[in-house]
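Protein chains: 2
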Amino acid sequence: MAASENHRIVPVVLCGGGGERLWPLSRTSLAKQLIRLHENRSLFEATIDRLAASLGNDIVPIVLTGAGDRFVVAEQMRARLGNPGKIILEPMRRDTAAAVALAVTIAMQDDPTALLLVCPADHLIEDARAFGRVVADAAPVAEAGRIVTFGVEPTEPATGYGYIRAGAPIEGTAALTVDRFVEKPDRERAEAMIASGGHFWNAGIFLFRADVMHAALRTHFAEGLAAVEEAAREPIPDLEFWRIDETAFGAAPKISIDYAVIEKADNVAVVPARFDWNDVGSWVALATTFRGDSAGNAMRGPSVLVETSDTVVYSDPRMVTATFGVEGLVVAATPDAVLVAPKARAQEIRKVVAELRQAKRKEADLHPEVFRPWGSYHGLVEGDRYQVKKIRVKPGGRLSLQRHNHRAEHWIVVRGTAEVTIGEEIKMVTENESVYIPIGANHRLENPGKIDLELIEVQTGSYLGEDDIIRISDDYNRTPAE
Amino acid sequence: MAASENHRIVPVVLCGGGGERLWPLSRTSLAKQLIRLHENRSLFEATIDRLAASLGNDIVPIVLTGAGDRFVVAEQMRARLGNPGKIILEPMRRDTAAAVALAVTIAMQDDPTALLLVCPADHLIEDARAFGRVVADAAPVAEAGRIVTFGVEPTEPATGYGYIRAGAPIEGTAALTVDRFVEKPDRERAEAMIASGGHFWNAGIFLFRADVMHAALRTHFAEGLAAVEEAAREPIPDLEFWRIDETAFGAAPKISIDYAVIEKADNVAVVPARFDWNDVGSWVALATTFRGDSAGNAMRGPSVLVETSDTVVYSDPRMVTATFGVEGLVVAATPDAVLVAPKARAQEIRKVVAELRQAKRKEADLHPEVFRPWGSYHGLVEGDRYQVKKIRVKPGGRLSLQRHNHRAEHWIVVRGTAEVTIGEEIKMVTENESVYIPIGANHRLENPGKIDLELIEVQTGSYLGEDDIIRISDDYNRTPAE
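Those protein sequence lines, which keep their order, are chains V and R. Residue numbers for the first sequence follow the numbering used here, so the first one is 3 and each next one is one higher. Residue numbers for the second sequence follow the numbering used here, so the first one is 3 and each next one is one higher.
Watch out, some of these pointers could steer you wrong.
Put simply, identical chains are the same to the list, so a pair is met inside one copy or across any two.
Quick list of in silico lysine-lysine cross-link-like pairs, DSBU-like style, CA-CA up to 35 Å [claimed, not checked]:
{"#": "1", "residue 1": "Lys256", "residue 2": "Lys364"}
{"#": "2", "residue 1": "Lys396", "residue 2": "Lys364"}
{"#": "3", "residue 1": "Lys429", "residue 2": "Lys362"}
{"#": "4", "residue 1": "Lys362", "residue 2": "Lys186"}
{"#": "5", "residue 1": "Lys429", "residue 2": "Lys392"}
{"#": "6", "residue 1": "Lys391", "residue 2": "Lys452"}
{"#": "7", "residue 1": "Lys396", "residue 2": "Lys266"}
Think of the hints as simulated: they come from the structure by calculation, not from any bench.
This is chain V alone, in the form it adopts within the complex (with noise of 0.2 Å):
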């Protein structure tokens, strides 16, 4: 096939968005693509997962992220891949255009001419195979001018999605012209559409080459490519990531590629997507890759239904959820945050959470584990002058050099093995071994192991915030509230 011989084709990953609609289990701090919640990966791991089954082990994905998610977004791209890949961080959120326009931008500095296939992170599609086949189909459509969106066949007629109405078939191609856009049309309008048929939904994928993109971003979104192009003109490195101007890409048009360039430009063309898609995008969503029973419930994890129909249940493995005599509900728990609303409802949940927001909860935004570039860590308990944690340390992994004014520590080694400083003192600490850690004394943690350091730490003292710590040395170039 000319274009994979030609052009290799570079996926795009975006990898921003809250998936605020499905909290409590995404929040800011851990968004949806990034949580493990089906096969023990997250759907950005099976997204690189499957481009990497369709496009080849050696691909150099350029990921789309946010600050605050790169180290996660580095850890699993570095655990599906081997190699980060090139990940830009966008300095905040400015919708899909200027992410599109933001990967051209740096595209180009390569290979004006290069296929880019633009994936968004938080997708599920089960079927690797069927995805790699239609990519293959679009290529030549791609390579031949056309911007490529992939349809897929409309099973209901839902309000949520954007549908393409077809056009003539491309004489030797998979793919149709397209007649028409509709965005997330009412339901009358949506069975309509289903009912003449030749409709797809618009899986938000795309396939395109650089510069016949940059051209349509030049005619449709030009002050968005001005603002992206001035921001990405010097990508700065920091570690295995990208910066780029905060400033300058600030001044982009915050808007959907769809709305931007997709529905104005003339060259666009669409394919059939032949493959299975779930945009993950609600709680009802979600529960379609639950277990489910003749009631026509979804449950996930620990759940006891008695005399309940049609209801989502999730429940965190480490309690159980019980639900008696409902109908229709969505029902979510998770340690420390639970979520009751209607299934018909589902869209809606972001009200909730800002809700939450507006009521000071840290639950709205912060989840319990919180993602470091060394590992992780959650919290076990709190006390008056205490407080407990569980902490991981990835192999290779190091915490900055540090010490604390209010707070001595107490850790024990429960899995793996640590390498701990303390003031001139450099020992090794073993699964079954402590180690105690003065206040005010400078000391360092890291992982010399090949298996991930398990510990729990004690901290006792009279002020415990995050914020009592004093680093001397870091690897990861991290701010103070990282």
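Model the placement of chain R on the given structure of chain V, informed by the hints.
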């Protein structure tokens, strides 16, 4: 007043019962009357406080409870009254007729004409002064040979209570004769009774002379009384508890005192109960003590209710519960178990508990906090070869001298002072200090101080079950499982 001059009133507190309708807050291992859920007191403690306020601080209540709850009951008795009272352990649950027979048998060993005031431990009565006045009014009536019931003015045609139809006033007293009892009527009948007036709810509180009830039991519950008298002939002291014969007690029929005696005896009177009364029999009843809002919701604990009405939300203080777009529900969330059910079916929650038992979920019966005679503990996290617990030891509390074959333990003291025995060595471990117990070492933990001792225990080993404990010596006469 003659009665209280001649015969001290002896309170009898019935502290059995599981409170399954308040699952997941109330569980077999810590039933609703023992949970400190209202003004930081348990319903049992509030009952003791009310009795002390009405009858004097020198009361020595007879408390009937199950063996599983004995240490919590004794702890709460001591906390409120300074003495443990006379705690009789019912070998198994035999409903209230056998419990009253047991209290009568025990009381008659001291004073056959004592006045006994029988109170369930799980009712909420806020106005202790009014309660005391009503009891004082009833005393001469009981003294004169009547079995006095207390009648609550009905506020709605409830179908879950027993009703008393009052007869003529008994001259010179606050009491009326009783025309008829109606147990748990249907709604129509309940409405008719309320419309006709002269009906009360049976509050389940009784005042009578021991010998008077003894005669009534002999007439109407002969077999049960004989079994109980046989069982309680020689109560066996066990620390501060009294044990009775299990086999003999097991022969008593399982029936309520209302069915067995009160509805049959001809010497029953009713005194109008001019005090607030809540049997806390369901989430809906408990919710009347919660804070409310203008949409008819009732909330306790951190919660955010959006477009929600007529809903009861209980949320553990360590978490947040959010509801959106729902009506008429009960949502109860604890860190290890969540319940969602319609308010209208709050009486049927035990069906859920039965299903959880069927599914062998430990959350059906076990509370995360486990009470021991020396204090309590609860699990913080369970890992592959480790687990972490928070342990609280009361002042003077001492765990058994013990050893483990499969686990080592790290203890970090976060509050108070511990006296720790390891092998032959005894040492003091104070706040912010830690100690290590190797596998196989004999060890013991004691709180020699004046405040609670709190410590974090990290167990590591290949087997971490509670049954890996060899007790060499124990202060509390416990079974291996306790």
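Going through the hints against the structure:
no.: 1; hint: Lys256 x Lys364; result: within (27 Å within a copy, 50 Å between copies)
no.: 2; hint: Lys396 x Lys364; result: both (27 Å within a copy, 33 Å between copies)
no.: 3; hint: Lys429 x Lys362; result: neither (42 Å within a copy, 46 Å between copies)
no.: 4; hint: Lys362 x Lys186; result: within (32 Å within a copy, 46 Å between copies)
no.: 5; hint: Lys429 x Lys392; result: both (21 Å within a copy, 28 Å between copies)
no.: 6; hint: Lys391 x Lys452; result: both (22 Å within a copy, 28 Å between copies)
no.: 7; hint: Lys396 x Lys266; result: neither (47 Å within a copy, 73 Å between copies)
When held up to the earlier numbered hints, the structure conflicts with 3 and 7 and fits the remainder.
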